[in-house]
Amino acid sequence: MRVSLILIFFLGATFAPSVSSKVLHPFLYQVTRFVFVFFFKYSMKIKYPCDNFRCKRGKTCKPDTDGKPGCVCQDPLECPGSTNTFEHVCGTDNKTYDTSCELFATKCNLEGTKRGYKLHLDYTGPCKLIPQCVKNELVQFPLRMRDWLKNVLLQLYEHDSVSPGFLTPKQRFRVKKIFENERRLHAGNHSVELLAQDFEKNYNMYIYPVHWQFAQLDKHPSDRTLSHSELAPLRAPLVPMEHCTSLFFQECDADKDKQVTLKEWTSCFGIKDDDVDVNLLF
Numbered sequence: 266m267r268v269s270l271i272l273i274f275f276l277g278a279t280f281a282p283s284v285s286s287k288v289l290h291p292f293l294y295q296v297t298r299f300v301f302v303f304f305f306k307y308s309m310k311i312k313y314p315c316d317n318f319r320c321k322r323g324k325t326c327k328p329d330t331d332g333k334p335g336c337v338c339q340d341p342l343e344c345p346g347s348t349n350t351f352e353h354v355c356g357t358d359n360k361t362y363d364t365s366c367e368l369f370a371t372k373c374n375l376e377g378t379k380r381g382y383k384l385h386l387d388y389t390g391p392c393k394l395i396p397q398c399v400k401n402e403l404v405q406f407p408l409r410m411r412d413w414l415k416n417v418l419l420q421l422y423e424h425d426s427v428s429p430g431f432l433t434p435k436q437r438f439r440v441k442k443i444f445e446n447e448r449r450l451h452a453g454n455h456s457v458e459l460l461a462q463d464f465e466k467n468y469n470m471y472i473y474p475v476h477w478q479f480a481q482l483d484k485h486p487s488d489r490t491l492s493h494s495e496l497a498p499l500r501a502p503l504v505p506m507e508h509c510t511s512l513f514f515q516e517c518d519a520d521k522d523k524q525v526t527l528k529e530w531t532s533c534f535g536i537k538d539d540d541v542d543v544n545l546l547f
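Counting from 266, one number per residue, gives the positions in the sequence shown under the numbering used here.
Accuracy of the hints is not assured; some may be wrong.
Here are the simulated lysine-lysine pairs, DSSO-like style, with alpha carbons at most 27 Å apart [said to hold, decoys possible]:
| no. | residue 1 | residue 2 |
| --- | --- | --- |
| 1 | K523 | K484 |
| 2 | K321 | K379 |
| 3 | K379 | K360 |
| 4 | K441 | K379 |
| 5 | K521 | K484 |
| 6 | K324 | K528 |
| 7 | K379 | K393 |
| 8 | K521 | K442 |
| 9 | K537 | K484 |
| 10 | K379 | K400 |
| 11 | K400 | K383 |
| 12 | K383 | K523 |
Since the hints were derived computationally from the structure, they do not count as laboratory data.
With the sequences and hints as input, model every part of the structure.
Rendered as structure tokens:
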């Protein structure tokens with residue numbers, strides 16, 4: 266097809282420009298013009314098999330011999346290079362990868378090996394020394410995390426008031442109750458003591474934000490459990506700032522099956538069993 270188009274363009278360029286070509290080769294000119302228009306319109310209708318065909322991270326679409334699209338491991342060397350250090354990521358092998366594309370392509374090409382099984386995105390940014398999380402720090406982590414989740418939703422509510430689309434009507438209805446509550450603790454650099462007091466005093470304000478974050482992560486697939494890859498969008502950016510992040514999510518997986526259920530998730534954030542509600546997952 267490409268060769269045909271090149272030939273047609275060549276013929277068009279040869280015979281179309283001048284009036285003399287029409288006089289000297291009227292028949293050939295008309296045939297060339299017809300063929301050019303036909304093939305041009307035809308080529309515009311042709312869809313590449315991989316158009317709108319999605320592959321998971323680390324893989325790229327490639328048509329087979331029958332022209333059917335399929336996913337194959339991407340060559341790490343074909344990943345676009347980073348433009349700044351913010352695009353670097355650290356793998357669980359403690360190696361800095363230029364981009365997340367390079368990491369996931371590497372993992373895909375190691376499929377079936379022990380190294381490939383263990384390789385995951387650890388956190389965003391270059392690898393660095395992450396301090397060990399001690400017990401009292403681990404206890405403080407969910408206090409800050411709960412407050413952060415609540416404040417994220419409140420910010421989305423404010424943005425949605427100016428430019429709708431950040432929240433769904435159901436989400437907006439829930440967050441509005443928190444936003445209009447005069448007792449709520451406003452965003453700030455609060456002590457862990459104050460955060461603990463506020464959770465006890467305004468417990469009901471934290472129930473929906475904890476459910477909301479679970480629902481945002483539970484996407485691939487949406488099965489009311491969070492895998493390592495589903496947790497990554499939340500965990501990876503937090504690790505460099507909150508060194509207890511990884512241990513916290515490991516501890517959330519109470520039965521150590523590498524999946525965090527809704528009950529395990531809410532329990533980690535101090536939500537009572539009676540307040541766990543699948544109807545709040547929106």
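For the pair supplied as a hint, K379 and K393, is the alpha-carbon distance within the 27 Å limit?
Distance ~24 Å between K379 and K393 Cα, so the pair holds.
K383 and K523 were given as a pair; does the straight-line alpha-carbon distance stay at or below 27 Å?
holds, 12 Å
27 Å Cα cutoff - pair K324, K528:
Distance of about 33 Å is beyond 27 Å: violated.
Hint check: K537 vs K484, CA-CA at most 27 Å. Holds or violated?
Between K537 and K484 the Cα gap is close to 24 Å, so the pair holds against 27 Å.
Please verify whether K321 and K379 have alpha carbons no more than 27 Å apart.
Since the Cα atoms of K321 and K379 sit roughly 20 Å apart, the hinted pair holds (cutoff 27 Å).
Under the criterion that the straight-line Cα-Cα distance not exceed 27 Å, is the pair K400, K383 satisfied?
holds, 26 Å
Do the alpha carbons of K379 and K400 lie within 27 Å of each other, as the hint requires?
violated, 31 Å
K379 and K360 were given as a pair; does the straight-line alpha-carbon distance stay at or below 27 Å?
holds, 16 Å
Starting from K521, check that the Cα of K442 is at most 27 Å away, please.
Roughly 36 Å separates the two Cα atoms, so the pair is violated.
Straight-line alpha-carbon gap K523 to K484, limit 27 Å
With Cα atoms ~16 Å apart, K523 and K484 stay inside 27 Å; holds.
Straight-line alpha-carbon gap K521 to K484, limit 27 Å:
holds, 21 Å
For the pair supplied as a hint, K441 and K379, is the alpha-carbon distance within the 27 Å limit?
violated, 48 Å
In this structure, the hints that do not hold are numbers 4, 6, 8, 10, in rising order.
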